[in-house]
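J.: Okay, here's what each chain looks like letter by letter:
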Amino acid sequence: MTTTTGVAAVTGAVGSAHTRVEGRDKVTGAARYSGEVPFAELTHGWLVLSTVARGRIRSVGDGPVLAMPGVLTVLHHGNAPRVDTDYMGMLGRPNPIVGLFQHDRVPFAGWPVALVVAETSEQAREAAEALVVQYDEEPHDVAFHSGRSDAYTPGDTPIVKAETEKGDVEAGLDASAVVVDAEYTTPEEHHNPMEPHAATARWDGGRLDVIDSNQGSSWVASELAQLFSFDPASVRVRSEHVGGAFGSKGLSPHQVAAVMATTVLHRPVRVVLTRSQMFSLIGYRSPTAQRIRLGADADGRLRAFDHQAQSLTSTVHEFVESSAVLGRVMYDADAHHTLHRLVRLDVPTPTWMRAPGEAPGSFALESALDELAEKCGIDPIALRVRNEPEAGPVSGLPFSSRNVLACFEEGARRFGWADRDPRPGLRREGRWLLGSGTAAATYPSGVGPSTAAVTAEADGTFTVRINAADVGTGARTAMTLVAADALEVDPDRVRVRIADSDLGPAMIAGGSMGTRSWAWAVTVAANELRERLSLGGGIPPEGITARSNTAEAIGALTQKERHSFGAQFAEVAVDVDTGEVRVRRLLGIYAAGTIVNPLTARSQFIGGMIWGLSMALHEEAIRDQASGSHVGADLAGYHFASHADVPIIEADWVDDPVPGDPVGIKGIGEIGIVGVAAAIANAVWHATGVRHRDLPIRPDRVLCAADEARRRAAGGAGSA
Amino acid sequence: MAPSTSSAITLNINGEKYTLPVDHRTTLLDALRERLDLTGSKKGCDQGQCGACTVLLDGRRAVSCLQLAVAAEGRVITTIEGVADGEQLHPVQQAFLDLDGFQCGYCTPGQICSAIAVIEEHAAGWPSAATDDVRPEAGVPALGAEEIRERMSGNLCRCGAYVSIVQAVAQAAEATGTQDKEAVA
Amino acid sequence: MREFGYERAFGVSEAVALLGSAPDARFLGGGTNLVDLMKAGVERPALLVDVRELPLDGVGFTGGGGLRIGATVTNSDLAAHPEVRRHHPALAQAVLAGASGQLRNMATVGGNLLQRTRCGYFTDISKPCNKRSPGSGCPAVDGEHHNHAILGASARCIATHPSDMAVALAAFDAVISYETADGPGELPMSEFYPPVGDTPHIETALPPGALITGVTLPPSPVAAHSRYRKVRERASYAFAIGSIAAALDVRDGVVREVRLALGAVASRPWRARAAEQALIGGPANAEAFAAAADAELAAAEPLPDNGYKVTLMRSLVVAVLTELTEEVSR
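These protein sequence lines map, in sequence, to chains B, E and C. UniProt numbering puts the first residue of the first sequence at 1, with every later residue one more than the last. UniProt numbering puts the first residue of the second sequence at 1, with every later residue one more than the last. UniProt numbering puts the first residue of the third sequence at 1, with every later residue one more than the last.
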């Protein structure tokens with residue numbers, strides 16, 4: 001066995017297209033997801049959720065249910081093992097919903113009140129439906145709207161600062177030639193990954209083994225260990241294939257329920273959430289009510305900037321949808337204010353959902369910019385060029401790299417923006433009114449500490465161990481390419497093992513930080529291995545392994561504004577008869593550092609853009625005020641785009657070197673969605689002459705807005 | 001007398017016969033996934049609202065989550081595990097792989113089974129909601145992007161792989177069409 | 001879902017007898033609605049009588065030149081059938097506009113007629129619903145109702161009928177045939193779905209235990225000039241927020257014959273007879289179409305969040321009749 005990494009050094013895997021290494025398993029059905037790994041003596045758990053929105057559990061009628069065929073146990077607050085939610089996890093305090101069955105309080109409709117475990121899923125389902133839970137109901141309040149008097153400013157968290165302020169916004173607005181003052185709303189939105197959350201738990205030789213579907217196996221393992229006070233080394237969590245996550249797959253009630261039940265029953269227990277249960281158990285994106293005030297000179301230069309965003313949280317936990325953060329990166333003004341406000345309601349706690357903050361925030365802000373461009377009579381792209389900041393508007397820090405204008409330039413060229421007549425309501429093709437719009441995009445490029453191990457095997461191959469999660473991002477493939485380049489070998493010689501807490505701690509697949517974080521750790525370990533191999537000598541049967549931990553290097557990073565950027569372009573058609581909006585074309589151009597795998601990266605960008613399209617036109621969970629629970633909590637009631645809604649979509653990128661950055665990769669998971677809803681709403685205005693400030697832009701809203709505009713025009717004509 | 005709530009049935013799946021007792025409540029999807037270890041068919045909603053569980057019943061696509069297993073006895077069932085020819089992927093599978101017609105992969109088996117049927121339905125002259133003129137004299141338009149999108153709309157994909165899925169279906173349809181032409185020639 | 005018995009029937013009288021053999025028995029066709037509702041706990045049958053193997057899967061001409069469609073014909077086969085597409089294109093279009101390719105392969109004509117409403121209160125057993133649980137109330141009236149009925153509703157129930165196919169059948173005066181233990185019977189579409197009134201839980205005029213055996217479309221030359229248009233909140237795979245089946249015969253600019261039925265506006269497919277009467281013998285132009293729509297929609301009783309349907313249906317009537325006029329003139 002030679003001790004070099006390759007006969008001929010191979011480089012350039014990063015940046016060239018590679019199909020997914022697990023692709024064959026996925027197209028043949030061989031890939032097993034969390035609910036699909038068989039175990040002898042497997043039992044099935046079914047969660048029972050509260051049907052009242054606030055109150056106390058008076059009784060759980062488990063007696064008759066225990067007598068039903070196949071039922072093994074019913075866990076509830078009267079008999080469940082104790083757990084401890086008073087700990088600090090990787091992302092802060094746990095959501096109290098994981099403190100399953102610990103008390104009789106019901107803080108919202110859909111709160112888990114019991115778990116029924118039976119021999120078969122059919123038996124478990126029927127027993128769960130038959131379980132009678134009685135409540136002492138209390139009045140509830142689930143009404144989210146702007147201007148609630150009980151809204152409050154939350155405290156700062158390590159992730160989100162509640163408020164930033166410089167200068168005098170009121171004075172700045174007074175001194176402005178042009179002012180935009182508008183309110184925007186976005187509805188409650190749900191992740192709805194195609195694979196429902198599922199966990200199978202069992203005790204195996206004194207260790208807890210959990211087959212799960214999550215965004216970070218070591219994260220979930222450590223949360224479970226803390227929650228149950230287990231020795232961390234005794235908990236193993238695996239998550240080989242994940243059928244989508246989008247922020248929803250951390251620790252949720254289903255893993256806790258499975259662990260509780262397997263501990264009680266001494267048999268493997270699988271708990272799979274139903275689609276409708278997902279609407280209350282795994283978090284969601286809060287609705288937002290946002291007010292934006294922009295003051296500018298006649299030429300569009302901003303003098304005053306104010307973005308205030310209200311979202312909701314539950315009565316048991318605090319989560320802030322950080323919609324007002326964009327202005328802290330995108331636009332400067334002498335007077336600059338951003339503020340988050342919260343209201344506490346009797347609803348489940350929201351959580352991170354693809355581009356948390358930036359997605360709803362960009363709808364409001366990038367719509368407001370378009371309104372400002374209209375009022376100033378200048379091109380929306382020219383407006384953004386005019387307001388391009390030199391440094392972070394709030395931090396004053398330099399940008400690690402900022403190529404948003406290059407994105408606009410390339411996008412405008414490819415979209416044909418120069419030929420666009422800016423006047424609204426002029427283009428018609430049969431029953432369709434046509435329009436186009438644009439918006440900027442940005443998302444932070446963060447990084448988290450990770451460990452990795454790279455082994456030169458005796459057979460000439462290499463094994464990379466990195467506790468990444470592949471939630472559909474192509475992480476396995478990306479790490480293969482990164483390792484291949486660092487080792488200077490062909491990717492075919494590299495095997496990557498991921499998604500197992502026994503591999504050691506690593507960053508989660510979240511916040512667009514996964515690839516950047518894991519690639520850093522893999523590169524450091526692979527570089528060290530390559531150097532060790534270059535010294536010569538044989539490879540022992542157990543191989544030679546180099547390890548890395550990026551914690552220290554991350555701590556030493558210089559303070560900078562680190563973000564991805566992009567420009568979104570949309571063309572829409574609006575049916576004048578029915579109010580239906582169809583997106584005819586989307587183009588996104590991004591500046592997102594090094595693109596590891598163009599094939600999968602393009603898929604990911606486009607996927608994000610389709611999220612933006614869905615957000616603009618479809619997505620909305622409806623909460624019934626009387627019951628406090630959803631109406632239509634399923635995929636027929638909660639729409640996201642189908643094949644027929646999605647036109648040709650192009651995504652591409654400009655060169656975006658990041659000088660001095662040790663990785664050069666920025667992360668692309670979220671930025672695709674940012675700004676798309678605004679670009680579409682701006683295009684709808686361009687088509688119809690009517691602004692839509694409330695999402696989604698449903699046919700009924702388009703029809704009502706058109707009626708209203710006609711009435712106003714008629715009234716205006718009459719009084720003139 | 002209360003009717004029996006379970007039956008011993010034989011299912012014909014991917015050319016194999018499987019005999020098993022089933023609770024009548026068991027759907028074909030659950031029989032495949034939980035009883036027969038054929039987990040390629042996915043459960044995305046269990047309500048006929050996503051298409052992830054799509055299989056072929058007597059050659060036609062169907063959602064297995066709303067098909068009771070006991071009622072599937074006597075029908076020819078093809079799942080994602082049965083569409084390849086040994087190691088040789090079905091042209092639709094190959095096109096999905098080559099063109100990255102998936103991300104998380106969970107809707108993929110349903111998309112592929114559906115796409116196989118879409119190509120056959122189109123070849124059989126079935127119109128769709130995207131077909132302007134459904135009268136038989138008008139014929140059926142070519143399987144272009146708009147027809148594919150409409151016909152595939154019963155398969156949701158939350159990752160948003162639609163653009164490459166449509167390309168993959170078009171490519172596979174073309175490959176299939178070419179084969180047919182050669183066979184005819 | 002509670003445990004239940006399962007029987008497969010091979011003959012019509014056998015199926016009817018099996019249904020009568022047990023309380024809480026239901027016919028199982030494609031199962032696309034029933035099995036879903038069983039999972040939701042809305043339906044809890046003790047016995048399912050599988051009728052998919054009944055010899056009711058043919059489409060053919062009646063003696064008088066109409067079309068006779070068997071009850072177990074799948075939605076797919078109905079929409080693909082050359083005679084349906086030739087003589088009743090709106091029916092083929094309506095079926096193709098519904099559900100998905102997979103569901104249309106499973107769903108039968110008989111089952112499609114018996115679809116239950118998709119009202120989110122009806123399908124959620126934790127909530128009141130007069131249709132599911134008579135007397136419990138209708139939370140949609142003061143709650144979420146932006147896709148609920150504007151015509152023919154009552155304070156007891158404002159749910160809409162979800163079928164696209166039934167809208168076209170209503171336009172074409174279809175007749176439903178059924179079989180009971182006492183023999184066969186027939187119901188015209190106009191009587192098949194009774195008004196909501198105080199009994200929203202009574203959804204059809206079928207006698208107890210009746211099995212739908214088929215649908216007859218009388219000969220109707222005007223139906224060859226027909227179309228179905230559906231508006232929904234997603235481009236496909238979604239229920240209608242408004243739809244229309246229309247057929248039109250125009251000669252020398254005068255409306256000779258017209259059929260109009262509206263979907264997603266009422267508890268049943270809504271045959272727009274007032275609009276038809278307003279149109280017959282009059283000019284075929286946008287003003288007349290709009291006036292006809294207004295004549296029909298004068299009876300609309302919109303709620304705070306579904307008033308747009310009046311605008312929508314008016315626009316749809318005008319748009320689709322205009323398209324048909326152009327088509328007929330070509």
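Because the hints were derived from the structure by calculation, they are not lab data. These figures come from a predicted structure and were not determined experimentally. Positions of the beta carbon are idealized from the N, C-alpha and C atoms, including for glycine. Careful: at least some of the hints might be erroneous.
[Unchecked claim] Taking CB as the label site, the calculated pair distances span:
id: 1; chain 1: C; residue 1: Arg86; chain 2: B; residue 2: Arg495; range: 57 to 65 Å
id: 2; chain 1: B; residue 1: Gly425; chain 2: E; residue 2: Glu146; range: 39 to 47 Å
id: 3; chain 1: E; residue 1: Asn14; chain 2: C; residue 2: Pro195; range: 27 to 35 Å
id: 4; chain 1: E; residue 1: Glu137; chain 2: C; residue 2: Ser136; range: 51 to 59 Å
id: 5; chain 1: B; residue 1: Gly425; chain 2: C; residue 2: Ser190; range: 26 to 34 Å
id: 6; chain 1: E; residue 1: Asn14; chain 2: C; residue 2: Gly20; range: 34 to 42 Å
id: 7; chain 1: B; residue 1: Ala418; chain 2: E; residue 2: Glu137; range: 39 to 47 Å
id: 8; chain 1: C; residue 1: Thr62; chain 2: B; residue 2: Glu137; range: 55 to 63 Å
id: 9; chain 1: C; residue 1: Arg68; chain 2: E; residue 2: Asn14; range: 35 to 43 Å
id: 10; chain 1: E; residue 1: Glu146; chain 2: C; residue 2: Arg330; range: 37 to 45 Å
id: 11; chain 1: E; residue 1: Gly125; chain 2: C; residue 2: Ile202; range: 50 to 58 Å
id: 12; chain 1: B; residue 1: Arg428; chain 2: C; residue 2: Thr62; range: 39 to 47 Å
J.: All hints, please: hold or fail.
T.: Going down the list of hints, with the structure as the test:
In this structure the hint that C/Arg86 and B/Arg495 lie 57 to 65 Å apart at CB holds, the actual value being about 60 Å. Taking 39 to 47 Å as the suggested C-beta distance range, the pair B/Gly425 and E/Glu146 does not conform, at roughly 27 Å. Taking 27 to 35 Å as the suggested C-beta distance range, the pair E/Asn14 and C/Pro195 does not conform, at roughly 50 Å. Between E/Glu137 and C/Ser136 the Cβ separation comes to about 52 Å, which falls inside the hinted range of 51 to 59 Å.
Between B/Gly425 and C/Ser190 the beta carbons are some 43 Å apart, a value that contradicts the proposed interval 26 to 34 Å. Here the CB-CB span from E/Asn14 to C/Gly20 is close to 39 Å, well matched to the stated 34 to 42 Å. Range check, B/Ala418 to E/Glu137: about 45 Å between beta-carbon atoms, so the 39 to 47 Å window is met. Checked against the hint of 55 to 63 Å, the C-beta distance between C/Thr62 and B/Glu137 comes to roughly 58 Å, which is consistent with it.
Hint check: C/Arg68 to E/Asn14, Cβ distance near 37 Å, so the stated range 35 to 43 Å holds. Against the hinted window of 37 to 45 Å, the Cβ-Cβ separation of E/Glu146 and C/Arg330 comes to about 23 Å, which falls outside the hint. Between E/Gly125 and C/Ile202 the C-beta distance comes to about 41 Å, which lies outside the given range of 50 to 58 Å. Under the hint 39 to 47 Å, the C-beta atoms of B/Arg428 and C/Thr62, about 46 Å apart, fit the expected range.
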